[in-house]
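J.: With the sequences and hints as input, model every part of the structure.
Quick note, the sequences are listed as chains A, B and C, same order. Going by this note's numbering, the first residue of the first sequence is number 1, and it counts up by one from there. Going by this note's numbering, the first residue of the second sequence is number 1, and it counts up by one from there. Going by this note's numbering, the first residue of the third sequence is number 1, and it counts up by one from there.
Calculated directly from the structure, the hints in this document are not laboratory data. Virtual Cβ for every residue (Gly too), placed ideally from N, Cα, C. A few of these clues could be false.
Claimed, not checked - To be clear about the criterion: a stretch of chain B counts as covered by chain C if any three or more of its residues have a C-beta under 8 Å from a C-beta of chain C, and this derived list gives those stretches:
(1) 70 to 82
(2) 109 to 117
(3) 122 to 128
(4) 137 to 144
(5) 342 to 353
What the hints assert, rightly or not - The list that follows gives simulated cross-link-like pairs (lysine-lysine, DSS-like), each with its CA atoms no further than 25 Å apart:
(6) A:Lys167 / C:Lys167
(7) C:Lys397 / C:Lys262
(8) B:Lys167 / C:Lys167
(9) B:Lys423 / C:Lys167
(10) A:Lys378 / C:Lys117
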Amino acid sequence: MRSVNSWLVLASFAACCILVSSKSGYSKEKIIPLLDATDSLHHQDFDLRDHVSAAIASRWQLEVRTLHGGMQEGVQLLQVDNGRLRTSIVLNRGLSILGVEESLTGERVFGWDSPVKEIVNPMFIDLESRGGLGWLYGFNEWLVRCGLEFAGHPGTDLLRSNTGETKELDLTLHGRIGNIPASKVQVLIDEDKPSYLRIRGVIEERMFYGPQLRLTSDLILVAGKPSIQLEESIQNLSASPQEYQIIYHTNFGTPILQRGSKVVPAAKSVTPMNDHAARSVDRFDLYDAPTIGFTEEVYLVEPWVDEDGMTGAVLHNEAGNCGAMMTWSAETLPYLTIWKNTAGIEDGYVTGIEPGSGYPFNRRIERHFGRVPILQAKETRIFRLNYTYLDSSSSVKTAISRINKIQMDRPRELHHSPPELPKFE
Amino acid sequence: MRSVNSWLVLASFAACCILVSSKSGYSKEKIIPLLDATDSLHHQDFDLRDHVSAAIASRWQLEVRTLHGGMQEGVQLLQVDNGRLRTSIVLNRGLSILGVEESLTGERVFGWDSPVKEIVNPMFIDLESRGGLGWLYGFNEWLVRCGLEFAGHPGTDLLRSNTGETKELDLTLHGRIGNIPASKVQVLIDEDKPSYLRIRGVIEERMFYGPQLRLTSDLILVAGKPSIQLEESIQNLSASPQEYQIIYHTNFGTPILQRGSKVVPAAKSVTPMNDHAARSVDRFDLYDAPTIGFTEEVYLVEPWVDEDGMTGAVLHNEAGNCGAMMTWSAETLPYLTIWKNTAGIEDGYVTGIEPGSGYPFNRRIERHFGRVPILQAKETRIFRLNYTYLDSSSSVKTAISRINKIQMDRPRELHHSPPELPKFE
Amino acid sequence: MRSVNSWLVLASFAACCILVSSKSGYSKEKIIPLLDATDSLHHQDFDLRDHVSAAIASRWQLEVRTLHGGMQEGVQLLQVDNGRLRTSIVLNRGLSILGVEESLTGERVFGWDSPVKEIVNPMFIDLESRGGLGWLYGFNEWLVRCGLEFAGHPGTDLLRSNTGETKELDLTLHGRIGNIPASKVQVLIDEDKPSYLRIRGVIEERMFYGPQLRLTSDLILVAGKPSIQLEESIQNLSASPQEYQIIYHTNFGTPILQRGSKVVPAAKSVTPMNDHAARSVDRFDLYDAPTIGFTEEVYLVEPWVDEDGMTGAVLHNEAGNCGAMMTWSAETLPYLTIWKNTAGIEDGYVTGIEPGSGYPFNRRIERHFGRVPILQAKETRIFRLNYTYLDSSSSVKTAISRINKIQMDRPRELHHSPPELPKFE
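T.: Shown next, in the form of C-alpha cells:
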C-alpha cells in the first residue's frame, strides 16, 4: 500500500537518524572550507566542481554567488542541489534558508513571497528602528532563526549591567542571530560514499559585557531525497550562566499555502496569543484565501511527544497532495507557534510553523512562565529538526499518520482566551 | 531682444516637454543596464564608451566610479556629461544628485559646501541616532529626496501595527529614501538621435508589515543644454492604501547663493515655520552673507499655478547674472518650502528650495492639515521638475519673467506668525 | 648600574622627544599614501616592499590586509614591524590599535582577550543599541580612543538644535571615533635615515548641524625599540566653538595582567567612581586573579605632573619583570581613569589605564565639573603619549623610578567615597 513517495519520506528519516547518530564516525569526510573569519578565508564565488571529483560533482551542485544592487549589495548566497531539491542559504544573514526549489523544474517547494524582494545585507539593517521592528526590513526567508539572546517581541526587559546595577534593555523583534554574518562555513562530504552532504556553519552572537553564544549548524542533505535535516547546537562560551532563546521561524506560502490548506500538529493544547486570535481559535488549523487587510493570528501550541522525544506538524494544501512535514526533538524545542498571516499576496501571504524553546512573547513574559532556558558556563544544547517535502497524496497521508502516531488518542485542548500575562511596570 | 541664453532656457523646456510626453514613443531607445538587483548585475566601474558608438561617446560622457576611504567606502558615483553640465549622481544614496558642474571649467553650478565632505555610504548611517537626526551625518547633496513613508521632522506618529493595535512610531528626519541604494539603474539613449539621454533608476522602500513604495526616476538631459529634468513616479505596490510624502530638498550654496541673493517664487502666501523665522518674514526672499551662529529660517510657501499646472521659483545672485530656475508640476507637488541657512561657510552656507507633497512638519502634523496624500493599492503618482542653470543677466531676467507670468497680478500674502499646530499628547 | 634594557627605555624616550620636536624639520620624509578618501585612493592589499628600497624593507615590514568572514568583512588591518614589535592598526575602526606582539616570537606584548573575537566592521555596529551600549559589540582593542564629541557613559545631555531650541541628546558609550573608518592613512619614512617611521592617519567626525572635529594621528616607531609614540591633534573645523572629549582607553590583559600585578600611577588623588569601587579603594593598585562574576571597579586619578608637564603610570606583573610604562602630556590629558575588570578569562580579564581630557562620566556630569574642554573655531589641540614595553626587572624598576620622580615626595590622597554627582531632571 505504501507508494514510492511515502517510502522516500521514511527512508529519508532513517538516513538522517543514521547520519546524526554517527556524526563523529565519518572520519572520511572531506572538509571544504568556504568561509572562515579565523584565517580570513572567503570565496567571492565558489563552485564545488573545483573541489571534488567529476563523479561527485555530477550528484551535487554547490555554488556561492555574491549579489549586488540595492540592499543586497555584498550578500553571499550558497545554493546546494542534491538532485531533488535546490536549497538557498544566505551566508550573511545568519545562514537563514531563503527557499527550496525543485531541482528539475526550478519551482518553489518551500518559501513564500515577501514584500521584501531583495536579500538584505545586515549592514543596512538597524534592528532598533521602528521601536525594535527593524528586523522586518529584511524578512523574506523560508527559515530564519530567532534568538539567541532574545527571540520574541520587542519591549523592555531588565538586565544586570557592567556596573552591577539593574538596567532596562529594549529588546528587538526576534533577536540578532538572523542578521549576523556567518563566521565559518564548510562543506563536508565523504568522497567514497557521497550519498549525503553537510553544510556546517558557525554564527557568533557575542559582545563585551553581554552574551557569548555560538550557534553551530549542520544542514544535512541526502542525495536525491526531498528533505532537509538540521542538527544544531548553541554553546555558552562565557564563564557565567546565560539565558538563551531560539525559535525556528519556518514560513510557507504558495504552493503549499492556499485557501483550504490545513496544519496538523501533534497538539496537546492550542491557545490564542491575543484576543484577536481568540475569535478564530476553533479554526486555527484552517487557512483562508489571501485577504487584503488581514490581521495576523498567532496560536501557541503545546505539542505531544512520542517515545523518542519527537513531535511534529504537517502543513498541506486543500487537495492534500502537496505539503511539508516537520518533525523535531521536543526536548530542546518543546513549544510550537503557528503564525497565520493570510494577507494579500502583495503583502505577504504566509504562515509560520515555528518550533521553539518558547513562544514569541517578550522575554520578560517568557521568563515569567519559565520558558527561558539557561546554559551554564561552556554548556551546549542541541536542536534537531527535519523538513520533508510532500509531493503526493500518499506522502501527505503518510506524514499525517506519522503525526497521528505521536498524537495517539490523546486529547487536544482548545483554549478560547489568551494566556493571562503578567503586568510589569 | 532674446539672447542665445534665454533661447536655450526656453528651448530646453520645450525639448523636455516633448521628451516627457512622448516617453513611451521612443522605441529606438537603447537600454544600457548599469545596475540591477534582480539579476545581480553591477559594474564596479563603467564607461559609456564601451557601450556606444564613437559618435555618441563624443557627445556624452558617462562613468561610474567606486569610491574608497572613510565613510564613502563602496559608494558608487555616476557622472554624466552632456557637453554643457556634468551631473554627479550617487547610486547608493537613493540617486541623490551630489552636484552639477560646468563641463568646460569644472566649476560648480549647482551644489553647496556641506561640512560633510565624504559621500557617506548608508551602511554607516543610523537614521535613528541623535533622536532621529542621523540623516544629518550624510547630508551634502545638491538634490536629495525626502520620503517616501515620511519626509519631515522627527517625532512620534501613530501607526496600526501587525497585531492590529495602535502603536507609536518614531519618525526620523526626512525619511529613508535618501539612504537606500538604488536597485536598478539604466542609461537610455536613442542611437540614431542621441540628442538626449535618460538615467532611469529604481529605489525600493519596502518592509514587511510596512510600506511598499517604489520610486522610479527618469533624469533627462539634452545634449549641450544647461538643464536637468526629472520625471519620477511613486507606486504603492501593496494591496492596501498607503500614505506617502515626498520633498525635493534642492540645496544651493555658492556661486548662486551670496549676500544679496534673492529667491523669487510664484507665491500665493508665505508663512514662517516658527517664531524665529517669523521675525524675518518680511525679508524672506533676501539672503545675508555667511553668518556664524545663524539659526535656520524656514518659510512655507503656497505657490500660484499657471494654466498648465506648473509653478516655479528662481534663485539668483546679487548681480542678477547667475542663478537657477526651478519649475515643477504643482498637481503632485503643491507646496514649497524655503530653507534659509546662511551660516558660516564652514558650517554649511546654503538655502533649500524644496517643492513637496507637503511641508517638513512631522507627519502627524501634516496629516492634521490634510497634506499627506494616499496611494491606493497599485496606484502610481507622477512628479515632474525642471532645473535650469542661468548664466547671464538675460537668462535670469527671462526666468524671472516666467515666474511673473505664473504669479500674474495675483497677490502674495505674507503671514507674520507661524501656523497654529495641533497638540498631540 | 643601568642595564641595557633600562637604557633602551630612556633612549626611546629621548628619540621620541627628538622626533616630536623636529616634526616639521624632516624634509626628506617620503610620504607613501595607503588610503585617501579625497582622491578615493585605497590599497586592497599593500606591502611596503613595493614602495621602498630593499635596505629599508629589511628593517621595516608593513602590510595591509583585508579581512573576511563574520562581522569583520571588509576590515583592513595594517601591521607594521619595527624589528622589535609588531603593531596592528585597524584602519576601519578609527585607527584603533588591536595589539602589539614581539616581532621574533609573535607573543603578545600589549593587548587582551576580549570575548569579541572578530575585528568588527563599523558598518555592522549600531552605537545606539542596548540603550547606547552598542560600542561593546566591537570592543577588543589594546588602544581605542573614546570621543570626540562625547567620550563617556551613555545618558541624556542637552544640546542646542538647528531650530535654536534646547533638545535632549542620548549620548552613546565612548562616542563615535572608534567606529569611524580612517579617511586618510600615510606612511612617512626618511629613506636616507630610516631609523623611525610614522603612520599618519586622519579621522573625521563630522555632521551637518553638529561637530566637525578632525583627529590627526601620528604613530611613531623607532627601529628596534620596544615603544610606541602617539602625537595626535584634534581640530575644530567649524566656524563656531565646539566642546570635545577624548579618552585613550588602553587595555592590558595577559601577560602583564595577572594575580598580583600592580599599577603605579603618579597620583595626587584616587577616587572611586561609585560605591562598589569605593569598597576596594585601599587596594585600587593591586589586581586579583580572573574572577568569574567580577563587577568592574573604576578609579579616578588626578595625576601629579613633572616640570615638563608629563605624567605617567606603570603596570607590571607580580614578579616585576614584565610591564608597560605609559607617559603622557598632562596639559591636554590631565585626568587618568583606571578600570579594573578582572573577570573570568572568557569574559574579558582586563584593566584599562586611560589618560583623558576628563573622566568617563556622562558628558553632562563632566561639564558640571569643568572637565569638558572647548575648541574655538579652527583651533587645534595636541595630545602626546608614549608606551614602552618593559621586558625585564631592571626596565620595570627604571620605569617605576621614572614615576617616582614625577610623584616626588608629594602625597597621594585616597578618597573612600565616590564624588557627589549633580542631579539633572
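J.: All hints, please: hold or fail.
T.: Going through the hints against the structure:
1. 70 to 82: Coverage by chain C holds here, the residue count being 4 at a Cβ distance below 8 Å.
2. 109 to 117: holds (count 4)
3. 122 to 128: holds (count 4)
4. 137 to 144: Held - the segment 137 to 144 of chain B has 3 residues with a Cβ nearer than 8 Å to chain C, which meets the minimum of three.
5. 342 to 353: Satisfied; 6 residues make the cut.
6. A:Lys167 / C:Lys167: 24 Å, holds
7. C:Lys397 / C:Lys262: 13 Å, holds
8. B:Lys167 / C:Lys167: 24 Å, holds
9. B:Lys423 / C:Lys167: 18 Å, holds
10. A:Lys378 / C:Lys117: Since the Cα atoms of Lys378 of chain A and Lys117 of chain C sit roughly 16 Å apart, the hinted pair holds (cutoff 25 Å).
The structure is consistent with each of the numbered hints, conforming to all of them.
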